[in-house]
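Chain residues, written in single-letter form:
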Amino acid sequence: MTERTDRLSQRARETPPSGIRRFFELAEEMDDIVSLGVGEPDFSAPWAARAAAIDSLERGRTSYTSNRGRRDLRERVASHVRRYDLSYDPDEEILVTTGASEAVDLAMRALVDPGDAVAVPQPSYISYGPTVSFSGGEVVPVETHAENDFVLTYEDLERAGAADAEALVLCYPNNPTGAVMTREELAEVAEFVREHDLFVLSDEIYAALRYEDEHVSIATLPGMRERTVVFNGFSKAYAMTGLRLGYALGPPEVIDAMNRIHQYTMLSSPTTAQFAALEALDSCDGAVEEMRREFDRRRQFVISRFNEIGMDCFEAKGAFYVFPKCPPGWEDDEAFAEALIREERVALVPGRVFGEGGEGHLRVSYASGMSELKTAMDRIESFVTEQKQS
Amino acid sequence: MEAKRELLDLLLSDARQSTEDIARQLGSDAATVEALIDELESEGAIRGYQAVVDWDSADREHVRAEVELNVELDRETGYEEIARRIAKFPEVSSLRLISGSYDFAVDVEGESMHDVSRFVSEQIAPIPEVTQTVTHFVMTTYKERGVYFGDGDDDDRLAVSP
Numbered sequence: 001m002t003e004r005t006d007r008l009s010q011r012a013r014e015t016p017p018s019g020i021r022r023f024f025e026l027a028e029e030m031d032d033i034v035s036l037g038v039g040e041p042d043f044s045a046p047w048a049a050r051a052a053a054i055d056s057l058e059r060g061r062t063s064y065t066s067n068r069g070r071r072d073l074r075e076r077v078a079s080h081v082r083r084y085d086l087s088y089d090p091d092e093e094i095l096v097t098t099g100a101s102e103a104v105d106l107a108m109r110a111l112v113d114p115g116d117a118v119a120v121p122q123p124s125y126i127s128y129g130p131t132v133s134f135s136g137g138e139v140v141p142v143e144t145h146a147e148n149d150f151v152l153t154y155e156d157l158e159r160a161g162a163a164d165a166e167a168l169v170l171c172y173p174n175n176p177t178g179a180v181m182t183r184e185e186l187a188e189v190a191e192f193v194r195e196h197d198l199f200v201l202s203d204e205i206y207a208a209l210r211y212e213d214e215h216v217s218i219a220t221l222p223g224m225r226e227r228t229v230v231f232n233g234f235s236k237a238y239a240m241t242g243l244r245l246g247y248a249l250g251p252p253e254v255i256d257a258m259n260r261i262h263q264y265t266m267l268s269s270p271t272t273a274q275f276a277a278l279e280a281l282d283s284c285d286g287a288v289e290e291m292r293r294e295f296d297r298r299r300q301f302v303i304s305r306f307n308e309i310g311m312d313c314f315e316a317k318g319a320f321y322v323f324p325k326c327p328p329g330w331e332d333d334e335a336f337a338e339a340l341i342r343e344e345r346v347a348l349v350p351g352r353v354f355g356e357g358g359e360g361h362l363r364v365s366y367a368s369g370m371s372e373l374k375t376a377m378d379r380i381e382s383f384v385t386e387q388k389q390s
Numbered sequence: 391m392e393a394k395r396e397l398l399d400l401l402l403s404d405a406r407q408s409t410e411d412i413a414r415q416l417g418s419d420a421a422t423v424e425a426l427i428d429e430l431e432s433e434g435a436i437r438g439y440q441a442v443v444d445w446d447s448a449d450r451e452h453v454r455a456e457v458e459l460n461v462e463l464d465r466e467t468g469y470e471e472i473a474r475r476i477a478k479f480p481e482v483s484s485l486r487l488i489s490g491s492y493d494f495a496v497d498v499e500g501e502s503m504h505d506v507s508r509f510v511s512e513q514i515a516p517i518p519e520v521t522q523t524v525t526h527f528v529m530t531t532y533k534e535r536g537v538y539f540g541d542g543d544d545d546d547r548l549a550v551s552p
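Taken in sequence, the protein lines are chains S and Z.
The first sequence: position 368 = 368 (the numbering used here), numbered continuously.
For the numbering used here, add 390 to where a residue sits in the second sequence, where the first one is 1.
Extracted from the complex, chain Z is given alone in its bound form (with noise of 0.2 Å):
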């Protein structure tokens, strides 16, 4: 369990890195690092990998919005068959059921405001159980899952010390 945990940290902080870079991180060897890789997807605690994307700094258009959404349930409909619903768009990246003054906290991500607008209007606001959608356009990003998205370079250590 503790290897797991471990490994998981290592993926987290650059899913990229080589086995035999992690294997050597944990005193391990690469066959048991791949294979407790192996476990962790098997079982679903690994979704998949990604890159972190400053798209500030890329070179394309891309809007991303965090959207309030709000709910009515019937005895027919719980949140798992709504949040399937909403979940299949891939203009959706992520879906969170959360506690609080709202129900769903929806990521939605376009290549325009107009496209992100058009998309909550005219896919998620008439799904029937959605009552309410409050669309929040993110402006800048300035981290992104732990990675911080300034200079960088901010180590003002001595290059030699003692």
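Chain S with its partners taken away, still in its complex shape (with noise of 0.2 Å):
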């Protein structure tokens, strides 16, 4: 018999762990850690949609939907994002999925070949890589700048090499950096598209949690809406993400491409969730305001402490995380962030995990309460002082 490893295809043998799980390890076996690693809201989801799924499952709503999902919540899906100035038929542009990641992993499989170029402006979200590599195409890693507050540029893109790239993935408001786009910004980067006939995976899930201007859609430029799919959902707006729904808008032939992928594999997204969902579309836009205002607050807060700390942070304006620099006399963002958690018990994610350009830098996830943002800080600010000391 085989060594059992040698049973797995080569796919598998050659995804890396993604780079979290060392700190997610370290932060587990440890009491009173306090975490700013965490990728999703403290908060609940709105008390209303919850009700709407356990009133779904009271009432025995547990089919199965059409493989797009329920028609009612495309269609509310439909009018929600015309707050963004995007348009999309429900019956054929809008496919409801099991959380965004979903969407992101099934538009790679419908429009990447084996041996196509997929450029992937970094640091970024740790899925991007791995779902260009299980379609069997090869990442062109983008590096995105900490002077240029980790926003994309047109030459970014051309010192890459990402002309020849099939497609783009854009995820701004950012994960990891909490950078966000300007419409001038990302008409610069609309325009290296068309250039160079691109396709644009554009990574929308932040779209609601930005606190200065409004969010732009990159499918909201001119000739860009043909070639780009978008992507949303409710896990960070709505403080949804174990009921896992997101959705894609794009073109009717991508979006039939991807719901045949989906169709043979998830079949269709959580019945229960898509209630919530629906819940959520209808009456909790207040909710996420206040989410959306207490973030700030804390925005506002963590970037400021780090700054006096004298850990650079840029000011980040969107999702939930900041993306300061280690502080002076440390290069190396892992040996840092390992140091922290061990003396300080505080956990943050190295800026390295999330790809080229992180090395240096940390995720620090705001997405917790005040009092356990303050600890956090405090403990910082003792460690860096007594490094600096010593």
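Straight-line distance between alpha carbons at most 16 Å, and here's what the computed EDC-like set of lysine to aspartate or glutamate pairs gives: (1) Lys394/Z / Glu424/Z; (2) Lys374/S / Glu410/Z; (3) Lys325/S / Asp312/S; (4) Lys325/S / Asp149/S; (5) Lys394/Z / Asp419/Z; (6) Lys374/S / Asp404/Z.
Residues of chain Z clear of chain S, computed beta-carbon distances all greater than 10 Å: (7) Glu429; (8) Glu431; (9) Ile436; (10) Gln440; (11) Asp444; (12) Glu456; (13) Arg465; (14) Ser484; (15) Ser511; (16) Thr525; (17) Tyr538.
No wet-lab data here; the hints were simulated from the structure.
Here the structure is a predicted model, which means the values were calculated and not measured.
C-beta: ideal position from N, C-alpha, C; glycine also.
Two independent chains are provided; combine them into the complex using the hints.
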């Protein structure tokens, strides 16, 4: 009998464990950890959405739905995204998925052939690279820069050789940096995309968590709608991570191809979650706004504390992350994060986990209550001060 | 106005945080926050700062009752006057005129049920305009002024997640 690992597919063998795994394990083995490594809101889903999920179960609504998702939900999604100037046909251009992550995976599989290059700006959410690989594609990392507030530019794309790529992944507001892109900045990227005939996979899961001006989707720019798939969902804005519900918006032929893969793998997204999502769209705008305001206060607090401590932190304007630099004297983000968790029991995620451009930085989530944030910041300050003195 | 509202929200959630921390959250500076607090205090919008106490956890006997009060007004005596008279008692921790089947909701606090009963029967009930009192003793407090008294830590999120 051959070794068990030899029986695994090459794809499975070649998929590295997630870079956050090690820090997760370190945090798990310690008591009294204050974790700012959490990529989900600390709020619960709004009660109305939870009640709708319960009601759907009580009524015995536990069957499959249409592969594309309930029609009333697709209609509601279509009207919801009009706030971002996005207009999509619920019958042909919207697909309800099991979290936005499934939507990203489906789009990769629908658009990427073996050997195709996919440009992925970095630092970036940890799943994009692996989903490109699962489709047989190759990642072209496009490094974004701290001195440019991690905004993607025409020059970044050109320098990285993205012109030959089939597709470009975008994620703004961004995990892990909290960066956002303005209409003008996106227009520059759109120009590159049109010139080189790329397709855009735009992950806009944090669209509702933007703290200054309005969210702009690249799909609204001239000539972009027909070459963009937009992803969004209920995990972040509605604090519904565990309900696993997202959606994709795109040209009919792409959505149809994604649905063909979806119908053989997921069949349809969780019915209970679809009822919760319907209610979320109907009545939970107020709850989202309340969470956004609270996140905004915390954001200003942590940015200000990091800068006072001497850990350079640019003004992240979206999502619920900031991405400060390691303090002077620390080049290695992983070593810093490990020392911090061991000495002060504060868990942060090293920036390098998110790819090139993340080195020397740390992802800090402020999706924790103010008292935890204060404790964490006090511990970080004391750690940095002691290190400086020794 | 918006800044004052935000400031009140922050003080409501935790009035003990430093002005520096409040300023950080509002993207402001400590001097501005101090000035706003002064204004809110002098306008009477902020009437005081108190701890939210879970007496079951504190090592002290404490009894609280919510008393429904019905009153009869006459030409000389209005609600204001009755309220002024009741509010002066230190045993009364809050007093509200409310709509519905009775007139005043009075929170009375004391060290024992006997104390509270005696206070209601000897000090409140004899007031000439008071026609009826109904006393409800608080058995257990689960939530007080927005603060839940449960075990607290039910954050079951993963310590590190993508």
